[in-house]
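First to last, the sequence lines map onto chains V and Y.
In this text, residue positions in the first sequence follow the working numbering: the first is -6, and each later residue adds one.
In this text, residue positions in the second sequence follow the working numbering: the first is 7, and each later residue adds one.
Hints may be right or wrong, so weigh each one.
Rough simulated footprint, nothing fancy, chain Y against chain V, three-plus residues with beta-carbon under 8 Å [unchecked claim]:
1) 5 to 15
2) 22 to 32
3) 59 to 66
4) 72 to 81
5) 129 to 140
These are computed hints drawn from the structure, not numbers from a lab.
Predicted model, so just to flag it, every value in this text is computed and none were measured.
Ideal Cβ placement from N, Cα and C applies to all residues, glycine included.
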Amino acid sequence: MNDADTDADTTDRLLLQRMAAGDRTALTVLYRSYHGRLCRFLSRLTRRADIIEEVINDCLWITWQKAGSFHGDSRVSTWIMGIAYRCGLKALRQHGSEPVDEDSVPEDRIPSHDPDEDRELRDWLGKGMDRLTVDQRVVIELVYGVGHSLDDVAVIMQCPVGTVKARLFHARVKLRNVLPGLAGATSVTKENAP
Amino acid sequence: MRMPTDTGRDCARAWEAMPWVLQDSAPQEQTEWLMSHLAECEGCHAEFEQQKRLRLAMSLPADVSIDPELGLRRLLARIDAPEVETAPARVAGGSWLTRALVAAVLIQAIGLGALGARFWAEGTPPPAYRTLSQQAPSVPAGAIHVVPDAAMKLADWSALLRTMQLQVIGGPNDVGAYTVMPSGGAATSPAVVQRLRVAHGVRLAEPVNANP
């Protein structure tokens, strides 16, 4: 954990203490701080915005209720991501998992300021992630997207570190085998586009 | 599935180190070692470039647009009205069920009480049956079961009883048997039984306590 992570965790712990005392301003700060990362994390599980919004609110509702019982065994972010992961899996069981299909995403859900380069990168990543299982996508997001350690991911997913290592290994091998080809296909498509 | 690299242990070590070097969480010496390896190994260099691109792609914001302020307002509203959202429905349902169960138990208790009071007031009538475990109705010692012939006249039956100094203490039962005893509480002798057996109009005479 670097200095920035330590500072962020200290801030999060203070927010949790205030939330445990019923401070809604602290909840508001925490909500805005985590909304973006939770949204991206959950978008690896499902493409449905309504489910993502529901899970974010369920997650922070639980965080609000359990703020006083946080013992500090892990970072606050690890604790909250673990809650979001379990809420996300529960929502998937209730609503059914959605395939990662960029074509099903309405245009208005893709940020209008998204430059072409980002859009191509997003498309390349989406097609690669589509080849992974849900658990593999979660591990890739937590390691490469959020920057968690293997130990943190094991806490979030409530499984042994060895299982996380195996999921990360298989996900990387799959991506290594498909991503270069997808990058070439994307470039060719772009070059042939009018 | 094949190993990510097959050019030696260094490539495997480089493969292991890449995510943590990209996270900037690897020790300094591990980062330096990886950089020196990448300078010499074209395959690992290409893999690391792809890993960098993967990390860059993963760091892009979510492409699913959700208004955080709207979600926050909904969460605060949920916190403001927890009793309205969930608790009352459960409590109301539980309360209705509880009331129904209590009413049913009360009705049963009242019914049982009334039934018990009625039996207490009337006295329990003797059952019309007898189980094998119950003791047989007591018959005085020395009694004799006598079955007169169906054609025997009442006057003849009365005369026989007088002659034998017997009196009827029970019967006739379903098969027409009478229970008789010597008058004045005298003991029954085998001679009395024998005389009954040979008397005209008597089909059967048997001491009650005699073993079959």
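Each hint, compared with the structure:
no.	hint	in the structure
1	5 to 15	violated (count 0)
2	22 to 32	holds (count 5)
3	59 to 66	violated (count 0)
4	72 to 81	violated (count 0)
5	129 to 140	holds (count 6)
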